[in-house]
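These protein sequence lines map, in sequence, to chains A and B.
For the first sequence, numbering that gives the first Met the number 0 assigns the number 0 to the initial residue and increments by one for each residue that follows.
For the second sequence, numbering that gives the first Met the number 0 assigns the number 0 to the initial residue and increments by one for each residue that follows.
Check each hint, because a few of them may be wrong.
Stated by the list, open to error - Simulated pairs of lysine-lysine, PhoX-like, Cα-Cα distance not exceeding 20 Å:
1. A:K404 x B:K91
2. B:K140 x A:K247
3. B:K140 x A:K245
4. A:K387 x B:K236
5. B:K236 x A:K404
Worth flagging that the hints you see were computed from the coordinates, not collected in a lab.
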Amino acid sequence: MYRRTLAVALALTLATPLAACGGKDDPAGSADAVSPTDPGAVSGEITVLTNRTDLVTDGTMQKYADQFKALYPKVTVKFEGVTDYEGEVKIRMNTENYGDVLLIPNTVVTEDYPKYFAPLGSAADLSAKYSFTDKAKVADKVYGVAGFAYVNGFVYNKDVWAQAGVTTWPTTPAEFITALQAIRSKTSATPYYTNYHDGWPLSSWSQVVGSVSCDPKANDKLVTTDPWADGADIATGDTLLFDIVKNKLSEADPTTTNWEDSKGQIATGKIATMWLGSWAIAQMQDAAKKAGKDPSVIGYMPFPKQVDGKFCSVVAPDYQYAINSHSKNKAAARAWFDWFIDKSDSAAVNQAISAVKGAPLPPAMQPFTAAGVRFIELSQAGAAKLTKIDNASEVGISKPEYRQKLVDTARGAAPGDAKSIFTDLGKRWTEAAKTLG
Amino acid sequence: MRTRLVPWLYLLPALALLIAFTYIPVGSMISYSFTDWDGLDPDPAFVGVDNYVQLFTRPELFTVFLVSGYYLLAAFVQTGLALYFAFILSFKLRLRNLFKGILFFPYLINGVAVSFVFLYFFRPGGTLDAVLALFGANPGKLWLGDPDLVNVSLSGVSVWRFLGLNFVLFLGAIQAVPPELHEAAELDGANRWHVFRHIVVPGIKPILSLSVILAVSGSLSVFEIPFVMTGGAGDSKTFVIQTVKLAFQFNKFGLASAAAVVLLLIVLLVTWVQRRLVPEERTDLT
């Protein structure tokens, strides 16, 4: 038994001191990382941190590096795949050694960006070229650009839905439930899969914000209102999730779900529907190919809610790329940064929406455009405050815990009902918001 | 002079590691517990005992200790089983070494791997259900999904995993009991139970009391098995999981450090009480 104690002691004690040591000097006012004009003149070795360890090990990243090398012969790009990206990089950011180009961890608050990252240029210049620059804007300088963006919706198996006789997208949560019930009675598929055990797929339910109300300011409103009040975006999404589980339209044992398996199961029609970001489409199509099915069996639909007769879908930026302010090869880093975001096919292969303005939408989004879905971009003005309220209240609005509890309650494994949970969450949230002022 | 230095030289590597990876971190943990550090801020503010006040004014942070009760009960089951097996296997039996190996083996497997194995074991239609079906039983229970069962299932895994360690400790201690005593007792007409009760148990008392301390402190600080298997979902959250979540999800490193310090103090307290109740005495069987 004492091994456990040891392991814990180690885990706890190791994590803290590492974060403590290291550079505390503030390199504020460091020079802009300017895009080099002459590719032949740029030289040096840069390290790129990425959360996509799979792309590092399967050589995809190296292919990008080779393509880049053809243009910038004197620059060598090395990759470092980090499995626990958020946890590890945050700790490394207490030192100066966190790569040359990296993805900004979500825990770093925007106002701290100048402490860690080199400015990329003025907000006016960058916002003309890229979307979502607001999220990384501090005092009229931009410190990060999203690699790509995606929308959220339901990934579904077209065959199963057709078999259940549902061929048009439901337009209200009630219709959606009816559709799932039809799947339950007419097919052998699990109508909805929560991915409860892995947790993070549950947290993507937070992304309903904006898609329900079609309001570009929906995210900022979370700071000033109760997200679980009747009819609010989050409440609408969470109620739908609750009703799905309550009506026994999800898997029998949520506690032993498996994300990797779920991909194959939706491809083969054992699972009908999952709420995920559009980045998942490519992975599900791959799974379909591996299972010997036609990838076109994977469909994608928006949240069942219409405003003025139209669906809405929020285009949300993924991780933002930034350049380490301590980098010794800022020119080389910037060259890679520009090339990777502007020129590489990294967004296209992920079926993601490029952050570069005017880039064409990926094929996976064509059903959305065909159906006239409105794409909106959320204002991020309240993002920093939102994180503060979330941490202070310990609600975890974009973390899986409270939704796991919601699922437990819905399936009768925990006391209470949706209302009691929402009231409790709302109370904690608004109290924290009040305390923070 | 040289003779006095030499032992220190041998101790140096161990001491250096101990200081670098235990005492310094514990020291900085204690100092963080008086700040509002968020894990990244270069200069956290000193907040005094605020974190401790917050900790003790939020009873919901302590209700998770109820979960430890399951593990504590399991620890006693585990000690009993280990003692039983150790006593049986201290006699010359056929296939004795094989059984020793089987009992000790789970302890050698990495805890995370064990957790993954048992995730398959407990899933609906998994190994456990399949084995039960062989005997005609079909309980149809969600072993990890039912809040009344989840902690029993998880502490069962813990018993399976840590039984081997207790077993080896006991076996070593039992084998250190002088064999003449066994012989003498047998000549006096004592049966196995008498031998166990009056010779073996007093003979291994220090190890037994050590096991109890480890059982209590271990059950207060359960972590890896529930963390990997359920992530603390559905009533299986332990104090350490809660602490980790405070630190790494809500960036309250100060508060989490305070929680870790409190846990340390509780474990020290329990150990102290236990030592007062069962003072360590040199057992002398002769």
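Structure-based check of all given hints:
{"no.": "1", "hint": "A:K404 x B:K91", "verdict": "violated (53 Å)"}
{"no.": "2", "hint": "B:K140 x A:K247", "verdict": "holds (16 Å)"}
{"no.": "3", "hint": "B:K140 x A:K245", "verdict": "holds (18 Å)"}
{"no.": "4", "hint": "A:K387 x B:K236", "verdict": "violated (24 Å)"}
{"no.": "5", "hint": "B:K236 x A:K404", "verdict": "holds (12 Å)"}
Checked against the numbered hints listed earlier, the structure breaks hints 1 and 4; every other hint is satisfied.
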